[in-house]
Each structure stands twice: as C-alpha cells, then as structure tokens.
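Visitor: Listed below are the residues making up each chain.
Protein chains: 2
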Amino acid sequence: MLLLSNEEIANMLTIDDCLDVLEQAYRYLGHGQAGNVPRADLLVEIEPGITYGLKTMSGAVPAFQVGAIRLNSDIVHWPTIAGNTRRVKIPAAPGARWVGLVLLFSTRTGEPLAIFPDGVVQRMRVGATAGLAAKHLARQDAKVVGLFGSGWQAGSHAMAMAAVRELELIKVYSPTEANRRRFAAEMTETLGIEVRAVDTPEEAAEADIIVCATNALDVVYRGAWLRPGVHVTCVRPHELEGDVYRRSDLVFINYREGKPKHYVIGDKREEEIPEIREGWNSPTLGGIDLENKPELAALVAGKVAGRRDDRQVTCFCNNIGLGFQFAAVGARVLEL
Amino acid sequence: MLLLSNEEIANMLTIDDCLDVLEQAYRYLGHGQAGNVPRADLLVEIEPGITYGLKTMSGAVPAFQVGAIRLNSDIVHWPTIAGNTRRVKIPAAPGARWVGLVLLFSTRTGEPLAIFPDGVVQRMRVGATAGLAAKHLARQDAKVVGLFGSGWQAGSHAMAMAAVRELELIKVYSPTEANRRRFAAEMTETLGIEVRAVDTPEEAAEADIIVCATNALDVVYRGAWLRPGVHVTCVRPHELEGDVYRRSDLVFINYREGKPKHYVIGDKREEEIPEIREGWNSPTLGGIDLENKPELAALVAGKVAGRRDDRQVTCFCNNIGLGFQFAAVGARVLEL
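As you go down the protein sequences, you meet chains A and B in turn. So the number in this note's numbering is just where the residue sits in the first sequence, counting from 1, plus 4. So the number in this note's numbering is just where the residue sits in the second sequence, counting from 1, plus 4.
Be aware that one or more of the hints could be misleading.
Which copy is meant is left open, because identical chains are indistinguishable; a pair holds if it fits in one copy or across any two.
Stated by the list, open to error - Distance condition first, Cα-Cα at most 30 Å in a straight line; then the derived DSSO-like pairs of lysine-lysine:
hint: 1; residue 1: 93; residue 2: 272
hint: 2; residue 1: 307; residue 2: 272
hint: 3; residue 1: 307; residue 2: 147
hint: 4; residue 1: 265; residue 2: 307
To be clear, the hints were calculated from the coordinates, so they are not data collected in a lab.
Please construct the entire structure, taking both the sequences and the accompanying hints into account.
Guide: Below, the structure is given as structure tokens:
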C-alpha cells in the first residue's frame with residue numbers, strides 16, 4: 005500500500021493527466037460503467053457557529069480496477085470577509101492542518117492500494133472537471149477567461165482552461181486587491197500567458213469563458229453580465245445568479261444527486277446550519293430546477309449534444325464532487 | 005495517529021467494555037446526541053457470480069469526542085454449503101486477507117486518532133449490541149441460550165449473553181457437526197459454563213434466549229419453535245421466519261434506515277445481485293414491516309417500554325450495523 009504526500013503528487017500529476025483520465029472516466033460513467041456513492045455528511049455543532057463534519061463519498065471505475073473513498077473530517081465556520089460570507093475550514097488538527105484523505109482500493113482483489121491527503125487531487129480534479137466541460141462546451145476560438153476568485157481552486161481552474169483552449173488573457177477579480185495581484189503575478193509565470201488583476205467584477209465579466217471558483221456564499225456572477233457565445237462555469241450553484249441558468253441555452257450539471265445527504269446530531273434544525281443552507285437551497289437561484297439538467301457524463305459520452313453555434317450561451321454547474329473522480333485521478337497517480 | 009492490529013485490540017478490549025460503552029452510546033443516540041450515516045454500498049459484478057463491493061458507514065458520539073468511518077472493500081460470492089446459500093467474502097487481497105478498516109477522528113479538532121482493521125471490533129460490537137438488547141429484554145432468570153451458528157459472530161454473541169445473564173447452558177446448533185463440536189469445546193473453556201453441541205435445530209430451540217448468528221441466506225429459526233417468555237435475537241432479518249416477528253409481543257430493531265443504499269455499476273439489475281436480494285427483501289419474511297418497529301436506542305434511552313412480564317415473547321432484530329457503534333467502541337479502545 006502506497007503512502008503518498010501532497011508534495012509527491014503535486015510533483016508528478018499534471019492538469020493534462022487529470023483532463024485525460026477524467027475524460028475517459030466520464031465516458032464510462034455516461035455508459036453506466038463507473039459509479040458513485042454520493043456525498044453524505046454527518047454534522048454536529050460543537051460550539052456556537054462552529055460545526056464538525058465527517059464527510060464521505062466513494063466511487064469506482066472498474067475499467068481502471070480502482071475504487072476510491074474520499075473523506076473529510078472538518079471544523080467549519082462562516083466568517084464575513086470583504087463583505088462576503090465565506091465557508092472557512094479551521095485547520096484545528098495538530099500542525100494547523102485540515103483533514104482530508106483519499107483511500108484507493110483494487111476492484112479485483114479488494115486490497116488497499118494507496119492512501120494520501122486529498123489536497124492536491126481534490127483541487128486538480130475540480131479544475132480538470134471544469135476544464136473538461138469547457139473543452140466540450142466553450143467556443144473553439146475562446147481566448148479570454150474572466151476568473152472570479154484568487155484562491156486554491158482558482159489556480160487549478162486557470163490551468164485547466166489554459167490546457168483546453170489557446171488563451172491570450174485571463175482576467176482575475178477577487179474582492180481583496182492584494183490577493184488578486186499576487187495570484188495574477190504567480191499565474192502569469194506558471195502559465196506563460198498574461199494573467200491580469202482587474203478592479204471590478206464587470207471587467208472580469210467581459211470574457212469568452214467565465215469561471216467562478218470561490219468560497220463565497222453569495223452571488224458572484226450576475227445574469228446581466230452575460231454576453232452571446234460565453235461559457236460559464238462555477239464550483240457552487242449559488243455563485244451564479246438564477247438568471248444565468250435561466251438565460252443559458254445549455255446548462256449541464258456534474259451530478260443529479262447533487263444535494264449531499266445531511267445527518268445532523270443534536271438539537272439544531274437543518275436550516276440553522278449554514279453548511280446546509282448553501283448550495284441548491286440558495287434563494288438567489290430563484291427556485292431554478294438544476295436537478296433536471298443533463299449531466300456532464302452524458303455530454304462526454306455523446307448522449308446529449310453540446311454547443312450548436314458561436315452565439316449560444318453554455319453553462320456548467322460543477323454542483324457536487326464525486327468519488328469516481330478520485331478513483332480516476334487516483335488510478336493515474338498509481339500509474340505515475 | 006494510532007495504528008492498531010486486531011491482535012492488540014483483542015488483547016485489551018473485553019465484551020464488558022463493549023457492553024458498557026455501547027449502553028452509554030445508545031442512550032445518547034436515543035436522545036439525539038449521537039448520529040449515523042447509514043451504510044452505502046457501491047457494487048459491481050467483476051466475474052459471473054462474484055461481486056466487488058466498496059462499503060462505508062460512519063457515525064459519531066460527540067460526548068466521547070469521537071467520529072468513526074468503517075469501510076469494507078469486499079469480494080463476495082454466494083456458494084451453497086450444507087444445503088444453505090451462504091454469503092462468503094473471498095480473501096482475495098495479498099496474504100489471503102479480507103479488507104475492512106475503521107478510522108477514528110476527533111470531533112473537536114478533526115484530527116485522525118486511529119486506524120485499525122475492523123475484524124475484532126466488528127465482531128465484538130455486533131455481539132455486544134445483541135447482548136445489550138438481551139440485557140433490556142430477556143427474562144431476568146434466563147439460564148439457557150439456544151445458539152444457531154458456530155462461526156466468528158456466534159462466539160461474540162455467546163460471550164455477550166454470558167455477560168448479561170447468569171447462564172447455565174448454551175446449546176449450539178450449526179449444520180456441520182465438526183464445526184459445532186469444535187465451537188462447543190472452545191467456548192466451554194472460554195466462558196467457564198457448559199456449551200453443548202446439539203444435533204437438531206429443535207433441540208437448540210428449547211431455550212430462554214435464542215440467538216441466530218449465521219451467514220445463512222435462508223431461514224434459521226421458525227415461528228413454530230417459539231415458547232412463552234423467550235427472547236429471540238438475530239444478525240440478519242431473514243434468519244427469523246416472518247411468523248417469529250408476527251408472534252412476538254415486542255420487536256425492536258437496531259435502526260430504521262435499515263436497507264443499505266445500493267449503487268450498482270454495470271448492466272446487472274439490482275434483483276440479480278444476491279447481496280441486494282437478502283435482508284428485508286427476503287420473501288420468507290412475508291412482507292412484515294420491520295421498518296416501523298421501535299429502535300434499540302429508544303429502549304435503552306427509556307423512551308419505549310421493554311418486557312412487561314415473564315410470558316411475553318421479545319425479539320431484537322440487529323438489522324444493520326451502525327457507524328456510531330465503531331465510534332463508541334473505538335473511543336474505549338483509545339482509552340485502553
């Protein structure tokens with residue numbers, strides 16, 4: 005059984021690896037040859053406003069002979085930063101660490117194959133999934149990305165978009181100026197294309213591909229900013245105003261069983277816990293029915309058609325993570 | 005983070021420890037102060053008649069500051085042994101091993117506290133749960149146990165029953181004579197009371213407490229064998245004929261969300277997979293509605309009354325395992 009660190013994985017796994025292996029895995033999923041146990045969260049408020057969550061998801065890609073369990077053991081609170089309510093994990097474990105692990109198993113023998121922290125793979129598979137959707141949905145000649153967010157997930161999204169289209173410019177907006185400037189400088193060097201910090205969300209919104217990759221609990225990108233031919237992607241449903249979904253010609257989601265199951269210990273009602281209030285329950289979505297949109301797997305497997313012309317507005321809502329993504333990327337890590 | 009072996013746990017954890025800590029934990033559960041994410045199974049047929057299953061359950065007892073995930077990565081088939089269809093896990097992992105693990109986490113900091121194979125704790129918590137139910141439901145003067153099964157689970161059940169009542173005799177029946185004789189000899193020595201192998205199920209059925217602890221997919225104990233005042237317990241709902249439930253004055257189950265969620269990869273329909281056919285779907289239950297029976301936690305927490313007199317027939321169906329049992333017993337292991 006392999007024990008791997010985030011550093012070891014970061015040194016060998018590229019965004020191209022992730023895009024390649026996820027494209028295969030989504031094709032299997034679209035044909036019923038891969039599967040998932042959706043995320044389930046056990047939640048308990050341990051202090052006023054602070055929640056402990058024990059979260060699991062699993063999945064398997066039998067063609068790769070790999071099954072995966074991804075687990076998180078999180079202390080979470082919801083501070084207001086730069087005017088936005090954010091979901092923030094507290095690194096309360098010794099060494100100021102978060103706790104997330106991936107375990108890989110052989111679907112042939114059952115044996116454990118590897119265990120590693122989820123950090124790098126978690127980030128790469130989210131970015132690569134958005135990249136895969138953009139590969140299949142964005143205009144072929146898309147050159148400019150408008151990126152909302154300058155954190156950990158924003159970085160992997162920038163890499164993934166640069167891998168699937170010939171980009172000339174990424175405009176990054178986030179509420180804290182120092183953060184967006186640091187991000188722009190770093191990513192310009194990493195990607196070898198211009199990454200420019202912009203001072204208003206409206207500037208970022210003038211782009212061919214819109215990426216929201218934030219931990220905001222509020223709306224990040226508004227329907228009024230939509231332009232013909234744009235492709236829009238997000239990591240949480242409520243980052244996009246309900247109008248964005250309504251006015252898109254095509255909307256794909258990652259998975260239909262998109263609301264994690266919540267099991268709450270103690271006397272709190274579900275609606276009192278921000279962790280549960282967010283997501284598909286957000287009032288800013290205006291009750292839009294995301295659950296009945298087609299899945300990315302159906303698009304990748306060729307069962308549902310993608311963009312028809314350069315005027316259509318397309319949208320991918322990466323509504324929830326899936327265990328089979330960890331099985332797929334984990335299989336590539338094992339190969340490497 | 006502690007890494008423990010089955011041997012280390014077996015050397016320190018007693019059935020009395022398990023009974024004590026589970027009684028506390030069930031009381032918390034009955035008052036909404038402990039919780040579970042029920043078992044979910046990802047299944048794929050890897051060869052005709054052979055299934056790979058990746059199974060998870062989790063739970064937490066915040067008062068003990070412990071959360072647990074129990075996982076199994078199983079290769080399973082269903083051979084016919086001594087006329088009974090059995091569910092048999094194939095030890096296909098290197099070293100001819102099964103793969104089951106328990107991970108413990110702190111609900112205060114999120115940190116991983118321990119990881120260990122599930123074998124010993126799995127067995128002890130199932131036996132101790134049946135023991136806890138018998139403590140609250142069996143007649144105070146129960147002296148004779150009729151035990152169906154002579155395997156791994158039968159042993160922990162014998163220990164648990166001997167811990168909660170002053171027993172004089174355990175009669176053990178299982179279809180293979182050599183197995184029941186070996187079991188009787190071993191357990192007589194372990195428990196210091198007479199454990200006698202009997203040659204027919206009817207002989208075992210003449211007892212104050214009936215324990216079914218088998219891996220049979222068929223009926224083990226019949227309604228016609230019920231005697232006034234008996235307490236009956238089982239590890240799988242279909243071990244007891246539907247009539248046993250119907251004719252019992254009191255029936256308790258372990259948990260209402262008692263059907264594991266199944267996620268099947270590939271073209272097999274659910275009803276073609278024996279793993280799914282068993283349990284509450286069994287036709288021998290005659291459609292009895294176990295899901296609406298009260299839970300053991302309600303009994304232990306004093307919310308539902310137990311046995312009223314020495315003539316009543318009581319029944320505990322240990323219908324499904326729960327993650328919080330691993331959190332509770334795991335917390336005791338950490339103390340020890």
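Visitor: Please sort residue 265 with residue 307 into within, between, both or neither, judging by C-alpha distance up to 30 Å.
Guide: both (28 Å within a copy, 27 Å between copies)
Visitor: Are the CA atoms of residue 307 and residue 147 at most 30 Å apart within a copy, between copies, both, or neither?
Guide: within (28 Å within a copy, 65 Å between copies)
Visitor: For residue 307 and residue 272, with the copy left unspecified, which applies at a CA distance of at most 30 Å: within, between, both, or neither?
Guide: Answer is between: at 21 Å across copies they meet the 30 Å cutoff, but 43 Å inside does not.
Visitor: Reference check for the pair residue 93 and residue 272, CA-CA at most 30 Å: within, between, both, or neither?
Guide: within (20 Å within a copy, 40 Å between copies)
Violated hints: none; the structure is consistent with every hint.
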